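For the sequence shown, counting from 1, position 354 maps to 353 in numbering that gives the first Met the number 0; every step adds exactly one.
In case anyone wonders, no lab produced these hints; they're calculated from the structure. Computed from a prediction, not measured in an experiment: that's the story for all the values here. There may be inaccurate statements among the hints.
[As the list claims (entries may be wrong)] Quick list of simulated restraints, FRET-style, between CB atoms: (1) S174 x H373: 52 to 60 Å; (2) P405 x D211: 48 to 56 Å; (3) D92 x F28: 38 to 46 Å; (4) E550 x Q69: 25 to 33 Å; (5) T30 x A515: 49 to 57 Å; (6) G325 x L531: 43 to 51 Å; (7) D38 x Q431: 37 to 45 Å; (8) P405 x R562: 36 to 44 Å; (9) K622 x R24: 55 to 63 Å; (10) P221 x A515: 51 to 59 Å; (11) H373 x D207: 55 to 63 Å.
[Claimed, not checked] Each computed SDA-like pair below joins lysine to any residue, with the alpha-carbon atoms no more than 20 Å apart: (12) K307 x T583; (13) K572 x G533; (14) K108 x D59; (15) K517 x T583; (16) K358 x G272; (17) K108 x L96; (18) K307 x G272; (19) K82 x Q69.
Backbone N, C-alpha and C define an ideal beta-carbon position, used for all residues, glycine too.
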Amino acid sequence: MTTYTNEFNRSIEQPEAFWAEQARRIPWFTTPKTVLSYDDQQHARWFVDGELNICHAALDHHVDQGRGEQPAVLWDSPVTESKRTVTYREMRDQVALFAGALRALGVEKGDRVVIYMPMVPEALMAMYACARLGAVHSVVFGGFAPHELAVRIDDAQPKVVVAASCGIEIDRVISYKPIIDAAIGQSQHKPDACVILQREQQQAELGDNDHDWAELMAKAEPAECVPVKGSDPLYVLYTSGTTGKPKGVVRDTGGYAVALHYSMEAIYDVAPGEVFFSASDVGWVVGHSYIVYAPLLRGCTTVVYEGKPVKTPDAGAFWRLISEYGVKSFFTAPTAFRAIKKEDPDGKLLAQYDISCLKALFLAGERLDPPTFHWLDDLLDVPVIDHWWQTETGWPIAANLHGLDPMPTKAGSATVPVPGFDVQVLDREGEQAKPMEQGSVVIKQPMPPGCLVGVWGDPQRFHSAYMAAFPGFYLTGDGGYFDEDGYLFIMGRTDDVINIAGHRLSTGEMEEVVGAHKAVAECAVIGIHDSLKGQVPVGLVIPKDGFEGDELALENELIALVREKIGPIACFKQVLVVNRLPKTRSGKILRKLLRNIADGKEYGVPSTIDDPASLQDVHDAMKDRSVGAAHEARQV
Numbered sequence: 000m001t002t003y004t005n006e007f008n009r010s011i012e013q014p015e016a017f018w019a020e021q022a023r024r025i026p027w028f029t030t031p032k033t034v035l036s037y038d039d040q041q042h043a044r045w046f047v048d049g050e051l052n053i054c055h056a057a058l059d060h061h062v063d064q065g066r067g068e069q070p071a072v073l074w075d076s077p078v079t080e081s082k083r084t085v086t087y088r089e090m091r092d093q094v095a096l097f098a099g100a101l102r103a104l105g106v107e108k109g110d111r112v113v114i115y116m117p118m119v120p121e122a123l124m125a126m127y128a129c130a131r132l133g134a135v136h137s138v139v140f141g142g143f144a145p146h147e148l149a150v151r152i153d154d155a156q157p158k159v160v161v162a163a164s165c166g167i168e169i170d171r172v173i174s175y176k177p178i179i180d181a182a183i184g185q186s187q188h189k190p191d192a193c194v195i196l197q198r199e200q201q202q203a204e205l206g207d208n209d210h211d212w213a214e215l216m217a218k219a220e221p222a223e224c225v226p227v228k229g230s231d232p233l234y235v236l237y238t239s240g241t242t243g244k245p246k247g248v249v250r251d252t253g254g255y256a257v258a259l260h261y262s263m264e265a266i267y268d269v270a271p272g273e274v275f276f277s278a279s280d281v282g283w284v285v286g287h288s289y290i291v292y293a294p295l296l297r298g299c300t301t302v303v304y305e306g307k308p309v310k311t312p313d314a315g316a317f318w319r320l321i322s323e324y325g326v327k328s329f330f331t332a333p334t335a336f337r338a339i340k341k342e343d344p345d346g347k348l349l350a351q352y353d354i355s356c357l358k359a360l361f362l363a364g365e366r367l368d369p370p371t372f373h374w375l376d377d378l379l380d381v382p383v384i385d386h387w388w389q390t391e392t393g394w395p396i397a398a399n400l401h402g403l404d405p406m407p408t409k410a411g412s413a414t415v416p417v418p419g420f421d422v423q424v425l426d427r428e429g430e431q432a433k434p435m436e437q438g439s440v441v442i443k444q445p446m447p448p449g450c451l452v453g454v455w456g457d458p459q460r461f462h463s464a465y466m467a468a469f470p471g472f473y474l475t476g477d478g479g480y481f482d483e484d485g486y487l488f489i490m491g492r493t494d495d496v497i498n499i500a501g502h503r504l505s506t507g508e509m510e511e512v513v514g515a516h517k518a519v520a521e522c523a524v525i526g527i528h529d530s531l532k533g534q535v536p537v538g539l540v541i542p543k544d545g546f547e548g549d550e551l552a553l554e555n556e557l558i559a560l561v562r563e564k565i566g567p568i569a570c571f572k573q574v575l576v577v578n579r580l581p582k583t584r585s586g587k588i589l590r591k592l593l594r595n596i597a598d599g600k601e602y603g604v605p606s607t608i609d610d611p612a613s614l615q616d617v618h619d620a621m622k623d624r625s626v627g628a629a630h631e632a633r634q635v
């Protein structure tokens, strides 16, 4: 552990020296003299007087260094039966042209552009084109409802909206143009123009303020990179699950570029020229960081996948992509592998592919439950690495650093804090928790480069939401603990700790036990209101494909298992077998929504939900089994 320990200690004890060293590894127009400074509320700011352009650092620089003919983007779209390779030179040239097209529409440094696109190379080009001009992009997941798009347009106030004519799912084509028109109709702010990438699967009818992508590109003049300060904003990304006024996470340019470049080497162990694949979407932070920016900053090749882990065409899709493109490091969410495990419980489809190129599998986005970890660990001959981070941090807080000192893995643990993140666990009084004692996971100031620098248009909200609870610390909102070996265990959001007759118990621990049963593909445990005990847990389980056992027997087995592993104190007495669980498109189970249904509260269908019908399934199951007050819950 010598390398990790030295690097981590130096990053905490000498943050300016440590990050100045990392900053020298990316190309600046003006090298920063001020590495670390603080704003009026004593929040860290990095590289405020340096000048760079992240598009230059990720594209032009590599072309200048001789990587022009190397693939930058490998696009694979089983839903359209299409594939495409874009080299670094082609990427730079297309981005420069589209930046010129945006400039012709009036976009300048500091202006905002909303991007509403599916997983196509042009989505990356649009993001980089904004960065090239010093404009601030805000990517909204393609397919979001008009109201949700409208509130983001009102908050970001974009000069231009860039979109595609449609998005393509396994069984349907989603027309984007009517959604955009409805959103602009609802919004107070009216963008000057919309640019539409016409896809052959469905063409959009253009209006007076609409422009065809191809026509704009045909007459555009390429734009050069505009220097921006290290502290200037690169993008605004709205956190999923937002209700009311959206919360736009603001990311700076210099700190983000430095942190991402460092992470590709220290965490993911990927060198220039190698292939990195993140199975996410550009609408999420994982897509921003590890599809769009980090791989190209490092000089790698990034895989852009327009498909699903299953049904495009089968549960072997990821194995095919890894084999076909020579992927060295692969990153996705645990929910993707739970879907694969459900359809191919024995992993038989893996035998069809040679994935000897793969050196590590990384999972994040939610806790990697031990049953899924063990399934993958048994199936693969490479390290299975759980790591933990948030939209707000932009890159991993804790990981098993594959590029420094890989450590022995522990199921359920994100391993150790990444250099730069002084992670601590505090009890309810704000004192440091003892090993094995659960508490609030926080990060001591200063936050390292790459983390959010504010909430768009609302500096006070940034402080009150993240910094006020424990002065001097960033509140992650997650609960967890360190074990005696210094391994960090994240047990879920702090509101997933339930109080049963005065005893605080983690639903994450119960999910571990339930998920370990051989018949269970996926599960969730929620705490619901109980007039006697305050709260009691209820389990929801999806059986593996092919399960033909008795549901009542399965329920009794799971109740007995929790009683054995955690104890009668858990009061775990009810399990519902369901076909699907409501999740966001990024794979997080909507536990708060499930609690609201169980407690008889009114609930809405959030814009981030992947399958709206899953809510009705769970609601009906709860009503049938008389769970809590679910009979009183109604959709609004």
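Outcome of the hint check:
1. For S174 paired with H373, a C-beta distance near 43 Å fails the hint of 52 to 60 Å.
2. Taken as a hint, the range 48 to 56 Å holds for the pair P405 and D211, whose Cβ atoms sit roughly 50 Å apart.
3. Separated by about 21 Å at the C-beta atoms, D92 and F28 break the suggested range of 38 to 46 Å.
4. Between E550 and Q69 the beta carbons are some 54 Å apart, a value that contradicts the proposed interval 25 to 33 Å.
5. About 53 Å separates the C-beta atoms of T30 and A515, a value consistent with the hinted range of 49 to 57 Å.
6. Restraint check, G325 to L531: a C-beta distance of roughly 59 Å breaks the suggested window 43 to 51 Å.
7. Our hint of 37 to 45 Å for D38 and Q431 is violated, since their Cβ atoms are close to 27 Å apart.
8. In this structure the hint that P405 and R562 lie 36 to 44 Å apart at CB holds, the actual value being about 37 Å.
9. Checking the proposed 55 to 63 Å range against K622 and R24 shows it holds: the Cβ atoms sit about 58 Å from each other.
10. For the pair P221 and A515, the supplied restraint of 51 to 59 Å holds, since their beta-carbon distance comes to about 56 Å.
11. The hinted range of 55 to 63 Å is satisfied by H373 and D207, whose Cβ atoms lie roughly 58 Å apart.
12. As the CA atoms of K307 and T583 are separated by approximately 14 Å, the hinted pair is consistent with the 20 Å bound.
13. In summary, the hint linking K572 to G533 is supported, as the alpha carbons are separated by about 15 Å, within the 20 Å threshold.
14. Note on K108 and D59: the hinted pairing holds, with a Cα-Cα distance of about 19 Å set against a maximum of 20 Å.
15. Restraint check for K517 and T583: not satisfied, since their Cα atoms lie roughly 26 Å apart, outside the 20 Å limit.
16. Only pairs whose Cα atoms come within 20 Å are accepted, and K358 paired with G272 is accepted, the gap being roughly 15 Å.
17. A hinted pair counts as satisfied when its Cα atoms are at most 20 Å apart, and K108 with L96 qualifies at roughly 16 Å.
18. Our distance criterion of 20 Å between C-alpha atoms is broken by K307 and G272, whose separation comes to about 26 Å.
19. For the hint linking K82 to Q69, the alpha-carbon distance of about 16 Å falls within 20 Å, and the restraint holds.
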